[in-house]
Amino acid sequence: MLDRASQETKSQSVEATRPVAFRGAGFTPRGSRYSGWIALALVIAVWQLAGSAGWVNPLFLPAPSAIAVAIYKLAVSGALWQHLSWSIMRIGTGWIIGTAAGVIVGFSIGLSTMARGVGITFISALFPIPKIALLPLLILWLGIGEEPKVATIALGVFFSTAISVYSGVDAVPRNLIRMAQSFNVPFHAIVRRVIWPGALPSILAGFRITASVALLLVVSAEMIGAQYGIGAFVLQAGNLMQTDQLLAGVVILSLFGLAVGRLINLLETRLLHWR
Amino acid sequence: MDLIADHISHRFGALDVLDDVSFQVSAGEIVAIVGPSGCGKSTLLSILGGLLRPSQGAAELRGAPPAGSLNPLTFVFQDFALLPWNTVEENVAFPLLHTALSAGERRAVIDDALRRTGLSDFRAAYPKQLSGGMRQRVGIARALAVRPAILLMDEPLSALDSQTRELLMEDFVGLLADGTMGAVYVTHNLEEAVRLADRVVVLSRRPGRIREIVTIPMTRAERGTADARAPMAALQGELWSLIRKEAIDAEREVQHA
Chain X
407 MLDRASQETK
417 SQSVEATRPV
427 AFRGAGFTPR
437 GSRYSGWIAL
447 ALVIAVWQLA
457 GSAGWVNPLF
467 LPAPSAIAVA
477 IYKLAVSGAL
487 WQHLSWSIMR
497 IGTGWIIGTA
507 AGVIVGFSIG
517 LSTMARGVGI
527 TFISALFPIP
537 KIALLPLLIL
547 WLGIGEEPKV
557 ATIALGVFFS
567 TAISVYSGVD
577 AVPRNLIRMA
587 QSFNVPFHAI
597 VRRVIWPGAL
607 PSILAGFRIT
617 ASVALLLVVS
627 AEMIGAQYGI
637 GAFVLQAGNL
647 MQTDQLLAGV
657 VILSLFGLAV
667 GRLINLLETR
677 LLHWR
Chain Z
226 MDLIADHISH
236 RFGALDVLDD
246 VSFQVSAGEI
256 VAIVGPSGCG
266 KSTLLSILGG
276 LLRPSQGAAE
286 LRGAPPAGSL
296 NPLTFVFQDF
306 ALLPWNTVEE
316 NVAFPLLHTA
326 LSAGERRAVI
336 DDALRRTGLS
346 DFRAAYPKQL
356 SGGMRQRVGI
366 ARALAVRPAI
376 LLMDEPLSAL
386 DSQTRELLME
396 DFVGLLADGT
406 MGAVYVTHNL
416 EEAVRLADRV
426 VVLSRRPGRI
436 REIVTIPMTR
446 AERGTADARA
456 PMAALQGELW
466 SLIRKEAIDA
476 EREVQHA
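Protein chains in written order, with my numbering: chain X, 407 to 681; chain Z, 226 to 482.
Since the hints were derived computationally from the structure, they do not count as laboratory data.
Take the hints with a grain of salt, since some may be wrong.
To give an idea of the chain Z side of the interface with chain X (calculated C-beta under 8 Å), a few residues [what the hints assert, rightly or not]:
#, residue
1, G274
2, T299
3, F302
4, D304
5, P320
6, L322
7, Y351
8, L400
9, Q461
Owing to the predicted nature of the structure, the values given are computational and were not obtained by experimental measurement.
Yeah, the Cβ is synthetic: ideal placement off N, Cα and C, and Gly gets one too.
When you get a sec, could you build the whole thing from the sequences and use the hints?
Here's what the structure looks like:
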């Protein structure tokens with residue numbers, strides 16, 4: 407027969423009890439919804455105060471209000487949209503071409519022994535080259551139009567995408583592939599239903615990186631050889647010492663980067679909801 | 226349909242893993258494979274299921290699969306191998322998507338597999354929302370959906386806690402009770418082997434050779450009774466005496482590796 411009780415109370419004793427010390431605090435950082443924005447607002451406020459009080463020369467560091475006015479004037483004059491649309495066209499075209507090629511090559515490397523042998527050697531050799539260094543060569547090959555700028559962006563995006571795709575394919579648990587094979591699931595269906603979703607977290611992480619690479623390269627390429635585009639605008643403003651306009655361009659780039667990041671967050675939320 | 230291991234040997238590089246293993250699993254029969262750690266049990270199962278090509282010998286089938294079987298040799302994996310991006314229902318449907326079943330037939334098969342494994346209320350859940358035991362039930366439901374002739378079970382309960390293991394063991398006994406399905410059941414748990422199997426193949430330490438094939442002298446129904454406890458414990462003791470020394474040697478080998 408079992409000796410049973412529903413609850414046991416503290417036994418009486420002359421010796422005093424003491425609570426067990428809690429040692430489990432920390433190492434669990436949590437994101438706060440507002441703290442980042444509050445910190446940003448504080449920095450802008452101090453910056454504005456420094457500008458308004460004349461503590462810094464507005465030529466070297468224009469106040470946030472001056473930058474906001476510059477952005478407003480750019481928007482009203484239509485120059486903002488003109489520059490932005492050229493940059494977006496170049497980024498969009500280059501990113502799509504680079505991503506499409508990177509996904510195809512990345513999957514080939516991830517799935518084929520022959521492609522892996524050849525592909526990884528080439529990617530390892532060419533990935534570290536700063537792609538902007540190839541722009542003069544691309545101009546020689548493709549002319550002075552949009553093609554070399556788009557090609558520079560596509561090249562930069564291609565290598566990072568290919569690496570993130572084949573890393574993602576490699577990271578798909580082999581037991582899932584074996585499981586699918588054990589049910590005689592055809593190769594194309596294993597790629598579509600097991601490898602693609604399994605590699606998607608790595609691919610989307612790659613998109614985040616390639617979006618930044620594309621932004622970096624479009625600005626660099628536009629600074630080297632373009633009449634329109636945010637990079638060209640920032641360079642012109644710098645040459646004319648219009649630092650409020652220069653920083654307006656920088657703010658627009660930052661906002662553009664934030665918007666792209668937000669878009670990728672949305673994609674991740676939608677496509678990786680199972681994590 | 227019978228599954229035959231015909232003089233199977235296997236090596237990974239310079240490492241001999243299996244040496245001349247031969248036995249047969251007849252239709253409706255459950256054969257457990259036990260042995261010390263690293264003796265090649267899971268490798269043998271992969272070879273039997275066509276996931277690994279043996280260095281020598283062959284895995285062979287004799288006779289036609291049962292009518293309506295979509296995948297005669299079907300695995301149940303130790304780590305469940307569920308697609309985390311698919312719901313329970315989608316995981317069970319996964320092996321059916323590329324078969325000739327119509328949408329209606331597929332739905333009926335999925336519903337039946339979910340009902341038999343007690344998962345009907347969890348069809349929209351994702352694997353991460355389920356306990357280990359429930360995840361393995363999904364693995365079993367997926368296996369049942371293709372109406373296998375022989376289940377190839379690779380330590381299906383070893384990742385689970387003892388209570389869940391006990392519950393799932395009861396489920397296995399129930400599912401395999403009608404004798405329509407055979408099974409190869411790889412385990413290091415001798416109690417599971419004695420409870421489920423008709424015969425137990427005892428492998429030696431690496432390279433795994435057959436030391437003995439022990440027939441369990443009771444029907445599966447008899448093993449559920451109180452009277453069976455003592456003889457089953459004796460059988461477990463007998464099996465343990467066959468592998469004890471080699472299990473200790475294998476353990477020492479791992480420690481020195």
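Hints and how they fare:
Taking 8 Å as the C-beta contact cut-off toward chain X, the hint placing G274 of chain Z at the interface holds, the least distance being around 6 Å. The interface hint given for T299 of chain Z holds, since its Cβ lies 7 Å from the closest Cβ of chain X, which is under the 8 Å cut-off. Given the 8 Å rule on beta carbons, the hint for F302 of chain Z holds: about 6 Å separates it from the nearest Cβ of chain X. At about 6 Å, the closest approach between the beta carbon of D304 of chain Z and any beta carbon in chain X falls short of 8 Å, and the interface hint on this residue holds.
The interface hint given for P320 of chain Z is met, as the beta carbon of that residue sits about 4 Å from the closest beta carbon of chain X, less than 8 Å. Annotation: L322 of chain Z was flagged as interfacial toward chain X, and the flag holds, the nearest CB pair being 7 Å apart, inside 8 Å. With a least beta-carbon distance of about 5 Å to chain X, the hint placing Y351 of chain Z at the interface is held under the 8 Å criterion. At a threshold of 8 Å, the smallest CB-CB gap from L400 of chain Z to chain X is about 18 Å, leaving the interface hint violated.
For the restraint placing Q461 of chain Z at the interface with chain X, the shortest Cβ-Cβ distance is roughly 26 Å, beyond the 8 Å limit, so the hint is violated.
In this structure, the hints that do not hold are numbers 8 and 9, in rising order.
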